[in-house]
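Undergrad: Residue numbers (this note's numbering), protein chains in the order written: chain E, 19 to 324; chain S, 775 to 1138; chain V, 193 to 458.
Everything labelled a hint here was simulated from the structure, so no lab data went into it.
Since the structure is predicted, the reported quantities are computational estimates derived from the model, not experimental observations.
C-beta atoms are modelled at their ideal positions from N, C-alpha and C, and glycine is treated no differently.
Partner residues aside, some chain S positions facing chain V, computed with beta carbon under 8 angstroms:
#1 A834
#2 N862
#3 G883
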Amino acid sequence: MATAEEVAKAVERRDVRDRWLLSAPALLVIFLAATGPLLIVLVYSFLTPGSYGDVKWQFSPEAWIAVFLERDIFDDTLSIAAAHVTIFLRSIKLSVVTTIATLVLGFPTAYFMATRSEKTRDLWLFLITIPFWTNLLIRTFAVLQIIRNEGIINTILLKLGIISAPIQILYTDTAILIGMAYVYLPLMVLPIYASMEKLDFRLVEAGYDLYASRFQVLRRIIFPLVKPGVIAGSILVFIPALGAYVTPSVLGGGKNMMLSNLIELQFGQGRNWPLGSALSIAVMIIVMVALLAYVRNAGKSGVRHG
Amino acid sequence: MPDKPDRNAIEVVNVSKIFGSGEGQVAALDTVSVSIRENEFFTLLGPSGCGKTTLLRLIAGFDFPTAGEILLYGQDIAPLPPFKRPVNTVFQSYALFPHMTVADNIGFGLEMLGKPKAEIKARVAEMLKLVKMEALAGRRTSQISGGQQQRVALARALAPQPKVLLLDEPLSALDYKLRKEMQIELKRLQHETGITFIFVTHDQEEALTMSDRIAVMSSGKILQVGSPWDIYDKPAERFVADFIGETNFLTAAISEIANGKARATLKSGATIEATVAQGFQPKPNATVVVRPEHAKLTKAKGELSGTVDNIVYFGTDTHVHVHLDSGELFTVRQQNTRSAGCGFEKGDAVGILIGSDAAQVLKD
Amino acid sequence: MAKNFSIKHQPGFTAIAATCFIVLYLPIIVLVIYAFNAASSTSEWGGFSLKWFQSAWQNTQVVDATLRSFQIGSIAAVLSTIFATMAALATTRTAPYPGLTFKYAAINQPLMVPEIVTGVALLIFFSRIKIFTGYSGIGYLVAAHTAFCIPFAYLPIRARLENMDLTLERAAADLYATPWKAFRRITLPLLWPGILAGLMLAFVISLDDVVITEFVKSGGQDTLPTYMLGQIRRGITPEINAISTAFLLLSVAIVTLFFFVSRKRD
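Throw the hints in and build the complete structure from the sequences for me.
TA: Pasting the structure below:
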């Protein structure tokens, strides 16, 4: 008979093996239909565009050069591709502003929810969850109906005589911003709320006991303790905002492109798959940098919840 | 019962359990050997982290020992998974299945053993009666009180008639009164079922009142095994004396050892008789322990003398802390009576009388 | 009498929160109201009518797209939930083992990459396979949806598992239950609310997807959201409001169910 030690080792080995077998289907599907294809994108970004879309299997750094630079058709000189740079900057700017806007609105909302009584808290959570799981396209469409020239905002303002002609919001950067802030707000509120819900309000009492003002309590006690939630929320808003496709398509009207529209263009009319691939990888790099900053920050903040 | 030459239910032979590897290695158990007799109420007593729960888990099969054997009636069960061992556990958290009724919980083990339905039903009814829970058989386990959950956990573990019942600090979640009640209840159950109980606790009072024998553990080792009386009155080591009850430690020179008795010369110069373990050699500076209730205060001269430092009233008794002239501290416990006070005041010069059977010499 | 000092009060927070909730719901409410508009433009109110629901119901494109959405959603939800359940069992309640961190990263990878990038990647990958195999059915959409639904299904299942006391399974083993029996009788019944929550989440996520579907679909494979996107880009009729309203109703129903299932504690 095997000794207990041998059995223990065998049990452990079998456990790890079983755990690999159990996770194999999920890993395989994700590898085949998510992670693996990303590697192909990387390869494609170094190939030559085919005449009718797709690629020719010929190495070329042109796509990467074309991400930020433009080659003059006549004399081959390179200059900054103003159009691309503008779109990159606009995407990053809109994403950052969206993140800040949702934070400014979302933090007090999460605080409000977390300070309700145990029972009503669930109701508020439910109310914030419904838009969260409602189709993003439908919500964007709803915003579109509100802000367009014939929408209720303009109609009411016109009727009240505050304005004489409708304000053009739709198809502007402002429209995209309003739309993104609207659709991503729950993504900011939920993680902050999750941190806030675990906040021990006796610490707040202790703060007041030690002569802190309301603002000082907020800044020195509450905020540091829910910081992981704030960072998580910011990441959850920033990443999809940077790659947003639906909101700029619907509210930007195709004129005010964001990165996703630029990428889509390369696979459609642009017929430049390598450039589309290179742009995709560029977006991913920005996302990775943001994620790394998050991981480093989360590691440093020291306070952990759950 | 301890005198009866019983069979051993469990023999733990040179068992070690090491967690982690490399530098982070921790020996939770360090070559532990102990025999537990059939039908006894055996307690593993020690502070948290002493290895008592680890030993219990090894017997239950939730962990495998790094080295050594665990014999159940002579058969090595250490390599067996828990579901193949005829031992059952009462968990500290009770671990009642929340999605099942009280009766389903109690019948679970028998069901897993493939017993016929009728037999399970009868046995469950018997168990419900044993723990006085007949009325709540159909309740969900989340709908009953902590004390009731405790009874269900006991019934569930007893239902398959295990050869040994393991109890992992089962009373720690109960309040004081209920705990006292359950202590008596546990003794009764052990008596009625005749099953060997291995009980883990960090509560010395619980251990002393319930056990046939106690093993005192510290840092992964068993320091002393004996009856409650042995453990309390004849502690072999400083840790045991210190962990169980309150004790006065006195430095003494040991001489003239004969028939388990020795002469101990205290720092005060007085000589008292002390009990000594077999094989103890005379030593100029050994430690002698005296329980506070085995000494007496006097206004006259005693074996020791000093000044009253503090008097603490405990209801049933009063503790008088004395600063000895030798510089050592000594506590005397006096039984309170209704009419008289303790008879001493802070600052009084007092003598301490130590009876001929009161002192015990420690090994270390 | 002096008012009690409320330690939880912060000036202005309640006002901002109220604004947020109103702003979140107002556009949706307007959208729903206009679904019942008799006028054919969405800029004027022509009285109450169900005609746009009727017209949507009779629009074969809408019906087709809806059925396709349900078909893809249900297959992807079931598959991803099964896989996510297995993966959750493999990655929770254990001491760290080699590969555990890798698994976490791999399972959550679809959440870390913007949808547009995944969409592009799948477009490239699947177009190659389409040429290679000649198959161009909805299998690609099902595979893509299953992949990005796995991390969502995984979330509630893993959360539920981690809150489940391993002692219960130990107790079952102590009471002679083999590992399989302990799983069937203890783990699975207790995990069930988490699995249901995962299933519903996965279904909603699949139903909502626009971007990845837009890139992966072949001709004539519109799902309801991609069909709607096409319509919205072309111009708005109240029919879209009607479809949106029906869709909303479904989402709310599922979320409500999800909410109660995942909040259930026993």
